[in-house]
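Make a model of the complete structure from these sequences and hints.
Which chain is which? The protein sequence lines are A and B, in order. 1 is the number of the first residue of the first sequence in the working numbering; add one for each residue after it. 1 is the number of the first residue of the second sequence in the working numbering; add one for each residue after it.
Treat the hints as calculated values from the structure; they're not laboratory data. C-beta: ideal position from N, C-alpha, C; glycine also. Among the hints, a few may not be true.
[Claimed, not checked] Some chain A residues flagged as far from chain B (calculated, every beta-carbon gap over 10 angstroms):
(1) A34
(2) D47
(3) K62
(4) K73
(5) G76
(6) D111
(7) I115
(8) T118
[Stated by the list, open to error] Residues of chain A placed beyond 10 angstroms of chain B at every Cβ, according to the derived structure:
(9) Q32
(10) D44
(11) V49
(12) E66
(13) L72
(14) V81
(15) A88
(16) G114
(17) P147
[Said to hold, decoys possible] Once the Cα atoms are required to be at most 20 angstroms apart in a straight line, the calculated EDC-like pairs of lysine to aspartate or glutamate come out as:
(18) B:K79 / A:D111
(19) A:K136 / A:D151
(20) A:K158 / B:E107
(21) B:K105 / A:E131
(22) A:K136 / B:E84
(23) A:K110 / B:D83
(24) A:K136 / B:E129
(25) A:K158 / B:D55
(26) A:K110 / B:E117
(27) A:K46 / A:D74
(28) A:K46 / A:E59
(29) A:K148 / B:E141
(30) B:K53 / B:E117
(31) A:K156 / B:D55
(32) B:K79 / B:E141
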Amino acid sequence: MLPAFVMAMALALSLPSCKSKPSDADIQTQVQTAISATPGVSADVKDGVVTLSGLVGSEEEKSAVETAVNNLKDAGVKSVVDNIEVEAPAAAPNVTAADPLTQGVADATKDFPGITATVADGIITVTGEIEQSKVKTLKSSLDALNPKKVDMSQVKVK
Amino acid sequence: MAALQEKYKELIDQVNASGVTGAQISEADGVLHITGTAPSADVKNKLWDIYGKIDPNFLTGDVVMNVNVATAVAGAKVKVVTDETNLNIRKGPGTDQPIVGKAAKGEVITLVGKANEQWWLVRTNDGEEGYSYSQYLSPVE
Numbered sequence: 001m002l003p004a005f006v007m008a009m010a011l012a013l014s015l016p017s018c019k020s021k022p023s024d025a026d027i028q029t030q031v032q033t034a035i036s037a038t039p040g041v042s043a044d045v046k047d048g049v050v051t052l053s054g055l056v057g058s059e060e061e062k063s064a065v066e067t068a069v070n071n072l073k074d075a076g077v078k079s080v081v082d083n084i085e086v087e088a089p090a091a092a093p094n095v096t097a098a099d100p101l102t103q104g105v106a107d108a109t110k111d112f113p114g115i116t117a118t119v120a121d122g123i124i125t126v127t128g129e130i131e132q133s134k135v136k137t138l139k140s141s142l143d144a145l146n147p148k149k150v151d152m153s154q155v156k157v158k
Numbered sequence: 001m002a003a004l005q006e007k008y009k010e011l012i013d014q015v016n017a018s019g020v021t022g023a024q025i026s027e028a029d030g031v032l033h034i035t036g037t038a039p040s041a042d043v044k045n046k047l048w049d050i051y052g053k054i055d056p057n058f059l060t061g062d063v064v065m066n067v068n069v070a071t072a073v074a075g076a077k078v079k080v081v082t083d084e085t086n087l088n089i090r091k092g093p094g095t096d097q098p099i100v101g102k103a104a105k106g107e108v109i110t111l112v113g114k115a116n117e118q119w120w121l122v123r124t125n126d127g128e129e130g131y132s133y134s135q136y137l138s139p140v141e
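Structure (structure tokens):
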């Protein structure tokens, strides 16, 4: 008698949970997993309708999240409201283009790792350390940029 | 004669004696500027040797010498004169440009043209084409 009663109770308890629709909390768990790959996105579930919100870096991320959640129909998702906002790309830093001499000096000194060169009023000032065998290449590279002067008096030649 | 021209007399004499065309020697703000076009890479190298002898390691900064080589024209063969490494060949004229090839030290490649005095368009024997820094290219006489 007792076992049959227990079994009946167990059936009565288990059957509804199998057949009824997943609860919003269950859906929320599934959705949470799906959106966890994309930081900054959150989801609210009400009656199987998932509302996504938050901020992502690109349109691709936005649609990827929406698709991932849409794929959870089996978990009980009825529809998705995508309120995710896409962050505007950072404005390009407002740097003025380097003048030709500064750009030329950057190119000319690239292969001399111990050397730093700055440009002011057409004068190139060089500091740092350099092997003796490379000094001529450095100086002729800088002279070829037609500066007013190349000041290497602070350079240490190894 | 100005003191600078006295100090660099041997260099100036060599410029005048070695067939440098369009030679200009002028002084501004305590710096002697020497420009012109040398008939060969050897002549240019000789000028730099003399300059380096008068002002060891070029540290004084009282000369700016910008001498080109006449034979560095489109179609010429140029030798890679890097210190020890391979020479980068880049997509465009600038170190910010992607590297599209390399030429070995000592390799002789073809000068196709010049974007400017610093960046030359070159082609390797394998057909790789791009821009290299002219300081590492010396015309083959």
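Verification of the supplied hints:
1. With a minimum CB-CB distance of about 38 angstroms to chain B, A:A34 clears the 10 angstroms threshold, and the non-interface call stands.
2. Interface exclusion of A:D47 from chain B stands, the closest Cβ pair being 54 angstroms apart, more than 10 angstroms.
3. Residue-level check passed: A:K62 sits 31 angstroms from the nearest beta carbon of chain B, beyond 10 angstroms.
4. The claim that A:K73 is not at the interface with chain B holds, since no C-beta of that chain comes within 10 angstroms of its own (minimum 45 angstroms).
5. Even its closest Cβ contact with chain B, about 50 angstroms, leaves A:G76 beyond 10 angstroms, as expected for a residue assigned away from the interface.
6. With a minimum CB-CB distance of about 8 angstroms to chain B, A:D111 fails to clear the 10 angstroms threshold, and the non-interface call is violated.
7. No Cβ of chain B comes within 10 angstroms of the Cβ of A:I115; the nearest lies about 13 angstroms off, and the non-interface call holds.
8. The non-interface label for A:T118 is consistent with chain B: the shortest C-beta to C-beta separation is roughly 14 angstroms, beyond 10 angstroms.
9. Every Cβ of chain B is farther than 10 angstroms from the Cβ of A:Q32; the closest lies at roughly 42 angstroms, confirming the non-interface assignment.
10. Annotated as non-interface, A:D44 keeps its C-beta farther than 10 angstroms from every C-beta of chain B; the closest such distance is 46 angstroms.
11. For A:V49, the condition that its CB be more than 10 angstroms from all CB atoms of chain B holds, with the nearest at approximately 49 angstroms.
12. Here A:E66 stays apart from chain B, with its beta-carbon at least about 35 angstroms from theirs, past the 10 angstroms limit.
13. With a least beta-carbon separation of about 43 angstroms from chain B, A:L72 lies farther than 10 angstroms from that chain, consistent with its non-interface assignment.
14. For A:V81, the shortest C-beta to C-beta distance to chain B comes to about 44 angstroms, beyond the 10 angstroms cut-off, and the non-interface label holds.
15. Non-interface status of A:A88 relative to chain B is upheld: no Cβ of that chain comes within 10 angstroms, the nearest being about 26 angstroms off.
16. For A:G114, the shortest C-beta to C-beta distance to chain B comes to about 13 angstroms, beyond the 10 angstroms cut-off, and the non-interface label holds.
17. Annotated as non-interface, A:P147 brings its C-beta within 10 angstroms of a C-beta of chain B; the closest such distance is 6 angstroms.
18. Of the pairs offered as hints, the one joining B:K79 and A:D111 holds, with about 18 angstroms between alpha carbons and a cut-off of 20 angstroms not exceeded.
19. The suggested pairing of A:K136 with A:D151 holds, with an alpha-carbon distance near 14 angstroms, which does not exceed 20 angstroms.
20. A hinted pair counts as satisfied when its Cα atoms are at most 20 angstroms apart, and A:K158 with B:E107 does not qualify at roughly 28 angstroms.
21. Between B:K105 and A:E131 the CA atoms are separated by roughly 19 angstroms; this keeps the pair inside 20 angstroms, and the hint holds.
22. Distance hint between A:K136 and B:E84 is fulfilled; the C-alpha atoms sit about 15 angstroms from each other, no more than 20 angstroms.
23. Among the hinted pairs, A:K110 with B:D83 is consistent with the structure: their alpha-carbon atoms are about 14 angstroms apart, no more than 20 angstroms.
24. Of the supplied pair hints, the one linking A:K136 and B:E129 is violated, its CA atoms being roughly 28 angstroms apart against a limit of 20 angstroms.
25. With a CA separation close to 16 angstroms, the supplied pair A:K158 and B:D55 stays within the 20 angstroms bound.
26. As the CA atoms of A:K110 and B:E117 are separated by approximately 17 angstroms, the hinted pair is consistent with the 20 angstroms bound.
27. For the given pair, A:K46 sits about 16 angstroms from A:D74 by alpha-carbon distance, which is consistent with the 20 angstroms threshold.
28. This hinted pair does not check out: A:K46 and A:E59 have alpha carbons roughly 25 angstroms apart, beyond 20 angstroms.
29. Restraint check for A:K148 and B:E141: the C-alpha separation of about 31 angstroms exceeds 20 angstroms, so the hint is violated.
30. Between B:K53 and B:E117 the alpha-carbon distance is near 26 angstroms, which puts this suggested pair outside the 20 angstroms criterion.
31. Note on A:K156 and B:D55: the hinted pairing holds, with a Cα-Cα distance of about 15 angstroms set against a maximum of 20 angstroms.
32. Proposed proximity of B:K79 and B:E141 is supported: the alpha carbons are some 10 angstroms apart, at most 20 angstroms.
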